[in-house]
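Novice: Chain by chain, the residues run as shown.
Number of protein chains: 2
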Amino acid sequence: MRIGILGTGHVGQALAAGWSRAGHDIVIGSRRPDDTELRTELKELIDAGVRLESSGAAVAHAEVVVNATPGTVSVALLESIGASALAGKVLLDVGVGFLPDGTLSHPGVSLGEEIQRAFPETPVVKTLATIDRKLMIAPDSLEGPSTIFLSGNDADAKRTVSGLLADLGWPKESLLDLGGIETARGQEHYALLFIGIAGAIGSYEFGIRVVPPTAS
Amino acid sequence: MRIGILGTGHVGQALAAGWSRAGHDIVIGSRRPDDTELRTELKELIDAGVRLESSGAAVAHAEVVVNATPGTVSVALLESIGASALAGKVLLDVGVGFLPDGTLSHPGVSLGEEIQRAFPETPVVKTLATIDRKLMIAPDSLEGPSTIFLSGNDADAKRTVSGLLADLGWPKESLLDLGGIETARGQEHYALLFIGIAGAIGSYEFGIRVVPPTAS
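If you read the protein sequences in the order shown, they are chains A and W.
All residue numbers for the first sequence refer to the numbering used here, where the first residue is 1 and numbers rise by one.
All residue numbers for the second sequence refer to the numbering used here, where the first residue is 217 and numbers rise by one.
Please keep in mind that the hints were generated in silico from the structure rather than gathered at the bench.
Every value quoted in this text rests on a predicted model; they were computed, and no experiment measured them.
Among the hints, erroneous ones may be present.
The calculated label-pair distances, taken between Cβ atoms and stated as ranges, are [to be verified]: (1) Gly-179/A with Glu-389/W: 24 to 34 Å; (2) Pro-387/W with Ala-198/A: 20 to 30 Å; (3) Thr-256/W with Ala-83/A: 51 to 61 Å; (4) Ala-414/W with Glu-44/A: 35 to 45 Å; (5) Thr-256/W with Phe-98/A: 41 to 51 Å; (6) Thr-319/W with Ala-83/A: 25 to 35 Å; (7) Phe-98/A with Gly-265/W: 45 to 55 Å; (8) Ala-22/A with Ala-354/W: 37 to 47 Å; (9) Glu-389/W with Glu-121/A: 43 to 53 Å.
Chain A residues, not near chain W, derived (Cβ > 10 Å throughout) [said to hold, decoys possible]: (10) Gly-18; (11) Ala-22; (12) Gly-23; (13) Lys-43; (14) Val-73; (15) Ala-76; (16) Ala-83; (17) Pro-100; (18) Arg-117; (19) Asn-153; (20) Lys-158; (21) Thr-160; (22) Ala-166.
Glycine residues also receive a C-beta, built at the ideal position from the N, C-alpha and C atoms.
Throw the hints in and build the complete structure from the sequences for me.
Specialist: Listed below in structure tokens is the structure:
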């Protein structure tokens, strides 16, 4: 599958590595694709066949566009690329935005919803927002089954994204479809509990599992 | 232990039942302790020895005060009882407040922090905010171990609350101390993911477990 990843940070890099390993055709989009320092940082990925191009080129390349940019700037960046360039592509959104005071930049309507509203021709699926980047692509490194959530209005887009999650090693039983894109609020707001847990256990490397009642 | 429970709703009732069974001395506080309908609703608890009195009387009785009132009214209710009546008592806060549009009534500073700030002489411990009332007092009904979080500034108060959680059946391994009262934000914000999960699985009866990485 042709995947365009927006965001050259740790999350974008991890997802590029995971999907590249699974045989997908990856372009990472950047405002400065020719930056020497950035190309050096991404050398391992580039050697593995991942291309570093402009954000517009990454989107043009993609069947699935991944938003791995900071949540505070995501909508503006996507708008600079334009709705017509994004139309008809699946947008997999992992972004969460924080303000300097540690509160969410989208405390009411979620970032996922805001993107969906701004780009009605682009089905948005929010996922992977509740787990550290290292574990996103290494679910086997957890002690036991962990839950990954999906939020989105389009069933086909959620199927596509579920396939991409499987390619990262997430078993079908781990995926929980929360419903429409408005349920992205839960995934994004969980970030505050995520930070609390990370502080308590001294690591970002943990999952959460939804524990059902004993079968009666 | 002498426990005063503020809030006659389902959460307050469940906790009264759980701690009454464990042998604690419970007074539920209400603005209308003589209301016939309310006394009928609470008949089983009253028959078991739980008293229904005024909110002020419940606090006067208590070593541990439990806030099980709607988060939108909690601070005003506690202020009507007064800081001097609450001073020196542990306040176990389970409240989460929602606005009519489904967003949190305390999206920045949490309710837990707001209570702690308003009543500096009363150590506040936020807990049990991430689980349904039925499961609060029946952790064994879950398929596997589930995590319960604690947030608060006072170590002694957290020890007292941990003991009360043990009395409800929560094993020590289930408890995760997140740190100071500011970490109540995570517990409260999780409410939105809780609602999303409940919608997806069609039940409020689930826990979440923090899944650590495989021991290396």
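Novice: It remains to establish, for every hint, whether it holds in the given structure.
Specialist: Going down the list of hints, with the structure as the test:
1. Gly-179/A with Glu-389/W: 24 to 34 Å: For Gly-179/A and Glu-389/W the Cβ distance comes to about 32 Å; the hint holds.
2. Pro-387/W with Ala-198/A: 20 to 30 Å: This hint holds: roughly 23 Å between Cβ atoms.
3. Thr-256/W with Ala-83/A: 51 to 61 Å: holds (59 Å)
4. Ala-414/W with Glu-44/A: 35 to 45 Å: holds (42 Å)
5. Thr-256/W with Phe-98/A: 41 to 51 Å: Holds, at about 49 Å.
6. Thr-319/W with Ala-83/A: 25 to 35 Å: holds (27 Å)
7. Phe-98/A with Gly-265/W: 45 to 55 Å: holds (48 Å)
8. Ala-22/A with Ala-354/W: 37 to 47 Å: holds (42 Å)
9. Glu-389/W with Glu-121/A: 43 to 53 Å: holds (49 Å)
10. Gly-18: Correct as stated: the minimum Cβ-Cβ distance to chain W is 17 Å, above 10 Å.
11. Ala-22: Nearest chain W Cβ is 22 Å from Ala-22/A, so the label holds.
12. Gly-23: At about 26 Å from chain W, Gly-23/A clears the 10 Å cut-off, so the statement holds.
13. Lys-43: For Lys-43/A, whose nearest Cβ neighbour in chain W is about 27 Å away, the distance exceeds 10 Å, so it holds.
14. Val-73: Holds, because the least Cβ-Cβ distance between Val-73/A and chain W comes to about 21 Å, which exceeds 10 Å.
15. Ala-76: holds (23 Å)
16. Ala-83: holds (27 Å)
17. Pro-100: holds (13 Å)
18. Arg-117: holds (16 Å)
19. Asn-153: Per Cβ check, Asn-153/A is outside 10 Å of chain W; nearest 14 Å; holds.
20. Lys-158: holds (12 Å)
21. Thr-160: holds (19 Å)
22. Ala-166: Holds: least Cβ distance 19 Å, greater than 10 Å.
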